[in-house]
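Just so you know, we're using the numbering used here here: the sequence shown kicks off at 1 and counts up by one.
Hint data in this document are derived by calculation from the structure and do not stem from the laboratory.
Mixed in with the good hints, there may be bad ones.
[What the hints assert, rightly or not] Result set (DSS-like, lysine-lysine): computed pairs, CA atoms no more than 25 Å apart in a straight line: (1) K176 x K188; (2) K233 x K262; (3) K148 x K171.
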Amino acid sequence: MLSNALVLALREIRRNVLRSFLTVLGIVIGVAAVIIMVTIGDGATVQVREQIASLGSNLLIVRPGQRMGPGETSAAPPLRLDDARAIEGDIASVVAVAPAASQPVTAVSGNRNWSTSVTGTDNQYFTVRNWSIEAGREFAASELRAGKAVCVIGANVRKELFGVQDPLGNKIRLGKISCQVIGALAAKGQSGMGMDQDDIVLVPLRTFQRRIAGNQDISIIQVSVREGASTEKAQRDIERLMRTRRHIVSSEEDDFQVRDMKEIAQMLAGTTRILTTLLSAVAAVSLLVGGIGIMNIMLVSVTERTREIGTRLAIGALEREVLVQFLVEAVVLSSFGGLFGVILAFASSIGLAHMLRVPFIFNPGIVVVAFLFSAAVGVIFGYFPARKAARLDPIEALRHE
């Protein structure tokens, strides 16, 4: 019975190809939209995790100021180099500590200039950030002690100021000082917060403090925790140490922050998942719209084929057979829509992933779910027209013009 119903359903679809296509268009768009949203969302989640990981493994960030809201902090006394040295000396699980201070600057080389950020730090910065030097070298100990005018440049700064030329040994001007390029960093790309990590110039911390900033302030301390050690415990230990150093009594709140980059990665990934779910739910509405379209066209089909249905019932066809025939036709229509939706989603997801520069993550589970859901839409929205066809009075149906 099912095979015969399937043959009849395919014959009816071939007889009305354009109408059938327009009928399932909502299903096609709905299935494609859901799969695309989930695929791009999964890719974005993976990208965020990779970008956060690129900042450094087991990384803790210490900043001055209380956290007031997203991206907001209150005013507080700045950090000092002694704070970084205390963390390095007193916290057993810490393997590297990189104090840093930054400010925007215009870098100039010859007739080229580029707006970037200059950061004063030391060689532990490369360890904490898992950042390798592609060409040249790190700062020498004597350069760090004396505050020499030397710098290591990021990949983007290198491209903008020197193109394909070798930057090593050349001078660049950073505000009022002229620095010799001694190294070039390997490319890292964007961070999880959307910042270009390659758009940076590194100078010795003492050089930055004396010749660029004009003060001893530290804007951030980056701490790398030993592999296998608890970052949560290290975070608590640093908080206790900093409260003591900043003379904060038990009744007062911290005037600094210690953030675990793993927590930030989980928060961003969670936000991405929520947005993906919401957008997928919105896209799924078009599946329901497509289902209504199938129900409408099946009702039209029942009306058009009333005499045919009456003839079948008059010569002995069972109501169940008529019900199955129209139900199979609705399911075949919606399944074709689901199939074309999967194909459209696959092609579109590859293109969108390339345009948005996120990894293409193929999720077979969502493809199966979306396809089965489209078939279920055919069953749900095809049942009423099929039941109406099966319950036609043969005599009245044969009289239908």
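Structure-based check of all given hints:
no., hint, verdict
1, K176 x K188, "violated (28 Å)"
2, K233 x K262, "holds (14 Å)"
3, K148 x K171, "holds (13 Å)"
Going through the hint list in order, the structure does not satisfy hint 1, though it satisfies all others.
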